[in-house]
Amino acid sequence: MSLTADDVNKIAHLARLGIDSQDIKSYAKDLSGMLDLMTQMSELNTDNVEPMAHPMDQAQRLRTDVVTEQNNREKFQAIAPQVDTGLYLVPKVIE
Amino acid sequence: MEWETVIGLEVHAQLATKSKIFSGASTAYGAEPNTQACAVDLGLPGVLPVLNKEAVRMAVIFGMAIEAHIAPYSVFARKNYFYPDLPKGYQISQMDLPIVGIGHLDIEIEGVNKRIGVTRAHLEEDAGKSLHESFHGLTGIDLNRAGTPLLEIVSEPDIRSAKEAVAYMRKLHELVRYLGICDGNMQEGSFRCDANVSVRPKGQEAFGTRAEIKNINSFKFVEKAINHEVERQIELLENGGKVVQETRLYDSVKDETRSMRSKEEANDYRYFPDPDLLPVIIDEAFKAEIKAALPELPQAKKDRFKNAYGLDEENATILTSSRQLADYFEATLKASGSEAKLCANWITGDLSAALNKANLEITHSPVSYERLAGLLTRITDDTISGKIAKQVFEALWHSTASADEVIAEKGLKQITDTGAIEAIIDRIIADNTDQVEQYRSGKDKVFAFFVGQVMKEMQGKANPAEVNKMLKTKLQG
Amino acid sequence: MHTKTLKELAQCLRSGEFSSLELTQAFLNRIKKHQDLNAYITVTEELALQNAKAADARIASGNATVLTGIPIAQKDIFCTLDVKTTCGSKMLDNFTAPYNATVVEKLNQAGAVMLGKLNMDEFAMGSSNETSFYGVVKNPWNINTVPGGSSGGSAAAVAARLTVCATGTDTGGSIRQPAALCGITGLKPTYGRISRYGMIAYASSLDQGGPMTRNAEDAAILLQTMAGFDEKDSTSVDQPVPDYSAGLNAPLKGLKIGLPKEFFGSGLNSDMAATLEIAINEYKKLGAEIKEISMPNLKLAIPAYYVIAPAECSANLSRFDGVRYGYRCDNPSDLADLYTRSRGEAFGKEVKRRILMGTYALSAGYYDAYYIKAQKIRRLISDDFKNALADVDVIMGPVTPTTAFGIGEKMDDPIEMYLSDIYTIAINLAGLPAMSIPAGFIDGMPVGLQIIGNYFAEDRLLNLAHQFQQVTNWHQHSPKGFE
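Residue numbers (our numbering), protein chains in the order written: chain A, 1 to 95; chain B, 1 to 477; chain C, 1 to 483.
Don't read these hints as lab results, they were simulated from the structure. Keep in mind it's a predicted model, so treat the numbers as computed, not measured. Some hints could be false.
[What the hints assert, rightly or not] Straight line, CA to CA, 20 angstroms or less: simulated SDA-like cross-link-like pairs of lysine to any residue:
id, chain 1, residue 1, chain 2, residue 2
1, B, 79, C, 382
2, B, 301, B, 380
3, A, 10, A, 44
4, A, 75, C, 83
5, A, 29, C, 279
6, A, 92, C, 331
7, C, 53, C, 43
8, B, 413, B, 380
9, A, 29, A, 58
10, B, 53, C, 364
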């Protein structure tokens, strides 16, 4: 299976990942190589196999509903690129 | 051509937990921006979600209330998309295995019952808020709301008109508040709705292409937004156009829906099980624990009010419209020892009118159930008449005194002392010889004149039955 | 001082032979002297000296733990309060965490003295430490070769005696492979044994932290503090932590060792096979029985891993968007530009490759063919291990196909690089514990032996490793120039 430059552009857009146009081809080649590796999987019949999402065969633990966190905005926003009056700022969002 | 409207609603109810669904930050509304967004809510590197038990309990309660299948095994998944109010770049939600499966909700439309199917209800985290005003062309992000637990309740496409949609939404609103799992505050966004709307030629089985109208936050707007969207689609189709599957935003100011292109772009959500969370297992013991604490549901309560208390449909409906009102009624009834009908009439009549006028909920009634019960007790034991009772109620509303205190203070106690009544009757008969003559010559109507005179003299405090009886005897001579 | 093991240093601090301050200073000096190895991203000299003084006071007051005053270095994937945490990426070059990872918190509480933060492959994606934004780490056994990855800085620092112990993380072999290539002891515990809170996620269902030390005895001591339930991590296990040092000397008589024929087949080079055979023979001498076993699905571990890990990483790394912390591009023209350029400029090539791969595997139309298929294969591999471990006590095999390869050798061929994890990856898919211990040399370069145990059998693995280290001295060799 091989991916085209166009495929890579589409995936990169979904992932919001900027890729230099001169690198697209090399990514297409690398990803195609990975997909080739994965075709091995299709050789094995897995019809009645239950997918395994997680190595732990355990139930989710549930937390008691209590407020444990205090306001820590100053500390959190000290590492933010752009804030104003407690808000994180981003370029204008158009809905 | 005749068109049929097909509607499915997705209602997002914020669950009334104290802390967030995956973190220990507060969910209280109205705090300063980002002061209730902790490391987990902000999606800082390395932090992990831990599920709030109360959110799970509330989802299960809801499932039980709509007689739905409660999944013994449900899974959280990541819904991937980029948006600045979504800190992790994915929303933790449920996809393939939601916690609540197929259930139903019955609505009433013009006196006819209709059952609306509920496809599923699943738990997820809310996003933050984008604020577009006054940041020099920038958008400000407040993540206080991020991580607030939501129950997304998805209906089957069983709804056929905007009116039905509103009835369904109201019923759901009433239910979640009844269950105590959502405060239902629509202005604060605690209860919001997306509507999937399509039209098809009447008689056609296949659904038309649907548009999704986002974030409708009032009953009024649901109706208007759907009606508007239906009109738009019909007009489009009748002019040879096609409905495009898209997300539209309802603008309540212009009363129109418009396309939201920004949401369209990222529609490949790449759901997959969240590896930071394990499957949620609801065992029989947990279900039994929840079931035991399940409040009586609106319909069951209404039936019981009719059967056990002999209330009519109207009173039973009003009194069970909220759990608080129903509780108030039952508390008053018990404390007063009066008849259920009297009690119901007072609550749905004078009390409700006063509350409405003052724009107050029953929970904030200036007249507590104990004080109303005190009033009803005195009506029942004939201490005061129904007419005087209205006067007492007025006083109760404006003070903190008990009914007995008001009655004593204002001397409103009904006079049953026959000697006192007799003296007045004798005097009135003596003063009005003409009228006595008329009565005795057969003019029965004059009797009312005497009753009026006696009551006036006694400032309404005489027991009317006693007055009638004595007057009759005396007038006959 | 630097030649001593953790256990020996703890005894010296206790007996007053030298102070933690002296010890810490000695290691700081060595770090400076050997900074061309590039093992550290950040050295926290001032903080270390301050903490060493505090440790000395604590030792004097009599309420010290075995780790009090012991120098340690943290892989730069663990968040450290008020100390830069980069995860080897330009994305976090300006990032200081407002909290400690649970592992860091526990080690701090015990009084361990952090020397600094260790170099690593960017976001733990890599097998050679060459994907780090901060440059490759050099293998102290031959500075023209890689130390392995992703915990390359950790392995090199322990091997070169730039710390006595370090933390690492292992998603597909990232503790064991560099431990093998640098001739040290590395343990990847059972998934869930050590909290992942504050450990920057690569692939959440595979990631697990662990100790990297000179020998098994030290690994037991470090694991003792690192392990344990954490209510902040839903995937951490609420199970008591056994005394890992208590069972180190248990006899191995009657122990059943399984050797998967898939590990020792034609793919393994003959020098490696011969070296491992000698090592396994030592176990025979200690009374173990050897049994050949078969795990037919192991060969599919690499393709399954390179679907699952990238899929999880593609979502885990979405939070790095230039909004709340980390790198933000200059003058973004709009929101899309902010995302695309911040991420495009700050992530390296390997990270991008895996994000793209994972995004693709999860996207509409490919989910079943790739993601679900990989999960099914994960189940089959896990079952292979379950079946094998019902028959034998432990499984042994190689850690790596070859000894350390040359810097730059595999950078142009990502697939070739992925294949270097062929013996370690399956263990993460199953979530089992495994160790790498020094087992000999080929042409002067260290070779590791891998020991894989059943869930929560860390004590058994440490026992086996310790017994081996009682009859061999591979773990005591040190690279030339770093004695």
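Cross-check of the supplied hints:
Distance check on the hinted pair: residue 79 of chain B and residue 382 of chain C sit about 27 angstroms apart at the alpha-carbon level, beyond 20 angstroms; violated. The suggested pairing of residue 301 of chain B with residue 380 of chain B is violated, with an alpha-carbon distance near 26 angstroms, which exceeds 20 angstroms. For the hint pairing residue 10 of chain A with residue 44 of chain A, the CA-to-CA distance comes to about 30 angstroms; that exceeds 20 angstroms, so the pair is violated. Using a Cα cut-off of 20 angstroms, the hinted pair residue 75 of chain A and residue 83 of chain C holds, with the two alpha carbons roughly 14 angstroms apart.
Pair hint residue 29 of chain A plus residue 279 of chain C does not hold up; C-alpha atoms about 41 angstroms apart against a cutoff of 20 angstroms. With a C-alpha separation of about 13 angstroms, the suggested pairing of residue 92 of chain A with residue 331 of chain C holds against the 20 angstroms cut-off. The hinted pair formed by residue 53 of chain C and residue 43 of chain C meets the criterion: a straight-line CA distance of about 17 angstroms does not exceed 20 angstroms. Restraint check for residue 413 of chain B and residue 380 of chain B: the C-alpha separation of about 13 angstroms stays at or below 20 angstroms, so the hint holds.
The hinted pair formed by residue 29 of chain A and residue 58 of chain A fails the criterion: a straight-line CA distance of about 40 angstroms is larger than 20 angstroms. For the suggested pair residue 53 of chain B and residue 364 of chain C, the alpha carbons sit about 33 angstroms apart, so the restraint of at most 20 angstroms is broken.
When the structure is compared with the earlier hints, violations turn up for hints 1, 2, 3, 5, 9 and 10 and for no others.
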